[in-house]
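Starting from the structure of chain A, add chain B where the hints point.
Residue numbers (the working numbering), protein chains in the order written: chain A, 1 to 407; chain B, 1 to 407.
Calculated from the structure, these hints are not laboratory results.
Be careful, since some hints might not be right.
Because identical chains share one entry, a pair is satisfied inside a single copy or across any pair of copies.
[Stated by the list, open to error] Derived DMTMM-like pairs (lysine to aspartate or glutamate); straight-line CA-CA distance at most 20 Å:
no. : residue 1 : residue 2
1   : Lys362    : Asp150
2   : Lys14     : Glu50
3   : Lys358    : Glu260
4   : Lys14     : Glu35
5   : Lys6      : Asp365
6   : Lys134    : Glu260
7   : Lys6      : Asp114
8   : Lys376    : Glu50
There are 2 protein chains.
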Amino acid sequence: MRLDLKKNLALIRKEFPILERCVYLISNSLGAVPEKALENLQKFYQMWAEEGVSAWQKEWWDLSRKVGNQVAYFLGAREDEVTMTPNATHCHWVALSTKFLTKDERRKKIIMTDHDFPSMIYAVSKISDFKGWKLEIVRSNGKPAIDVEDILKRIDEKTLFVATSHVYFKSAYIQNIKQISARARDVGALTLIDGYHAPGIIPVDVKQLDVDFYIGGCLKWLCGGPGNAFLYVRPELSENLQPQLTGWLAHREPFLFAQEMEYASRGQKFMSGTPPVPCLYTARAGLDVLKKIGIPGIRDKSLSLTELIIKKAKERRYRLFTPEENNLRGGSVSISLPHAFPVKQALEKRDVKVDFRKGQDKEPDVIRVGPHFYTKNEEIDILFREIDAIYTSGEFKKFPEEIKHVT
Amino acid sequence: MRLDLKKNLALIRKEFPILERCVYLISNSLGAVPEKALENLQKFYQMWAEEGVSAWQKEWWDLSRKVGNQVAYFLGAREDEVTMTPNATHCHWVALSTKFLTKDERRKKIIMTDHDFPSMIYAVSKISDFKGWKLEIVRSNGKPAIDVEDILKRIDEKTLFVATSHVYFKSAYIQNIKQISARARDVGALTLIDGYHAPGIIPVDVKQLDVDFYIGGCLKWLCGGPGNAFLYVRPELSENLQPQLTGWLAHREPFLFAQEMEYASRGQKFMSGTPPVPCLYTARAGLDVLKKIGIPGIRDKSLSLTELIIKKAKERRYRLFTPEENNLRGGSVSISLPHAFPVKQALEKRDVKVDFRKGQDKEPDVIRVGPHFYTKNEEIDILFREIDAIYTSGEFKKFPEEIKHVT
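Extracted from the complex, chain A is given alone in its bound form (with noise of 0.2 Å):
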């Protein structure tokens, strides 16, 4: 049974406790937690002081794998092919450390673009570093999105594979990953795909877009706080590979401390030291309340949502840094305003929570919204009215310009 957004919205609201605080409006950073997490918090502990040691058989050894696997739904993947791990730079070592299949010594060239996230890009070309492979790339000279034909035209017989965003995190376009990993698999190259701003908002299915990796967490759509990554294999991909990142929990017996790694099959040979257990508790609520809810009602809610957040900053003539048709954009409407951080800094003391991202070469700085489905729409009305009254009363100008920390 599918829990109604529009019958369900006061009872849903209700399990998020933060919606009652202030205008929550930065899922796109840190989704709200459910009550339930706690519940789930305290579950972990008292495994803990009751079973002592005794506590990894009972739960925790088979927590990754069982998180692992209501993930798998978000993605379209099936049981025991998603890995989680503590962080998605992790993830992309672990993936990006396979010792790779191909034997073609010319397939050297990683295609990545300026939208990717920062910390991916350093994982590729850390890991070129060591492997002698060559990154290019693609460059968005300041626009929301890159023309899918701009990378279409670089993937050829020696690309050894294509990492990138399937939503960016800045503008929130959705990627053809389709067209990209077709490609890719036409040459013989591989897809390595970020998924951060995916699943949990948007529909996702891995078997139908053909990706080999694909990578994210459930820190922000997925309300299920930090230290939760996830990184999908592609399993007629995974039997060949040996990944180099790897500890005693990807041994396919464990508890034997044995010298020589022996990997395991499935999901479990990506895994690498002992796990983030209270993480993995944590994740199980927001994980939960999604799946209730269903993605395609996620879906249509957050589409209307955003659509009339582009309406409103239309009416104001502010520049949208994300596309306006919905098939091309994810959860979030990232607005290039004037005075962009200070007025995040003085939405913030009205109890409206939105990020700020500075725009990077010729970029605009923006305010990222991303409302979830817990969101109302009066709560679109008093972003607006607050922006509206932050410039009237001039107190935008109490705030300063530059940034050093934000999140």
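Relative to chain A, chain B alone:
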């Protein structure tokens, strides 16, 4: 003010609920949880529920640094020299992935021992694959210790570094790290020490040991739970290092999301992706209690408990796989006794928790007994009384001799 262990034992034990439920002699595997850890977990949830994304600024961002500084006390390290990471495998990769300082291409030799934890051996051997290093493993031939001379004589001008354990996980033998690091320093090699079984149970002073990298975790002797590993890097060395396993939080301006990595200084340089925040909250309680008691008191008590275990094991003519000399012995005692695995299981049924380790190569199978500062002498008596009863009654015959999964 130090908490005296003799005077306050009953009070201290009350803070660890598992101690009322069973005889807990397995802190070498998972330390008991202090009740305060639950309060801290609740605080984590409350920050998220009440502050939403602002939790990062109010508390979460600074938590890795704060917990690192708490851990520093147990290592003899100074402020901001210890970086928290999700697990030791991640730490090893951060350390071993650094672009090294030596330009000497002949330095390709890495020295380890077969007593080092498998994950560490996997990390070093897999990274050696990338880097073209040659791994030499010093063998123990089934003995609980390796003569330090056997290691020292291998360290020469071709050695890049020595990667080994402070305390061996299976036998609790304390290696003479000072001699190893002195020899390494003499020939221009580096040291990377796995201290998972040292801080929190024996005095550690990384300055006096003069090591380059020191890695461990809060899971066992520090009573901090999973998800909290740590990395100390000698500050004089750190300045010139560039960790290749890196993420956005290692950047000196992480919130600019710059595509080029410019490393932060000190401990922050060795961070990577988003930290597992609930784990960090959990860890603080154990670190607080242990600091209040102080390592000198913990070590004294631990020695008297392990002496008692050794005495009782010898009375029964069980073979020890742990040194009898106090200065060579860490916090646990490994006992090779007949039908070790069935005996371990029968003890579990009798609410006495110890662990079992399968011997590799010529090593015996053992039970490992790991008492901690909260253990009573009477609990050692109970352990041996139960072992006697298990043999006398033949109860051990009810349990399988072979393992698959053990903790």
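Discussion item. With identical chains, the pair lysine 6 and aspartate 365 could be close in the same copy or across copies; at 20 Å between alpha carbons, which is it: within, between, both, or neither?
Written reply: neither (34 Å within a copy, 62 Å between copies)
Practice prompt. Indicate which option fits the pair lysine 134, glutamate 260 if close means a Cα-Cα distance not exceeding 20 Å: within, between, both or neither.
Written response: Classified as between; 16 Å across copies, 32 Å inside a copy.
Discussion item. One pair to classify: lysine 6 and aspartate 114, alpha carbons no more than 20 Å apart. Within, between, both, or neither?
Written reply: neither (38 Å within a copy, 62 Å between copies)
Practice prompt. Classify it for me, lysine 362 with aspartate 150: is the Cα-Cα distance of at most 20 Å met within a copy, between copies, both or neither?
Written response: within (19 Å within a copy, 60 Å between copies)
Fill in: Copy assignment of lysine 14 with glutamate 35, given that the CA separation must stay at most 20 Å
Answer is within; shortest intra-copy Cα gap is 9 Å, inter-copy 29 Å.
Item to complete: If the cutoff is 20 Å on CA atoms, where do lysine 376 and glutamate 50 land: within, between, both or neither? Let me know, please.
Response: between (42 Å within a copy, 19 Å between copies)
Worksheet item: Checking lysine 14 and glutamate 50: alpha-carbon separation at most 20 Å within a copy, between copies, both or neither?
Response: between (31 Å within a copy, 13 Å between copies)
Fill in: Within, between, both or neither, where lysine 358 and glutamate 260 count as close if Cα-Cα is 20 Å or less
Cα proximity of lysine 358 and glutamate 260: across copies only (15 Å, versus 47 Å in one copy).
In terms of the numbered hints stated before, the structure departs from hints 5, 7, listed from lowest to highest.
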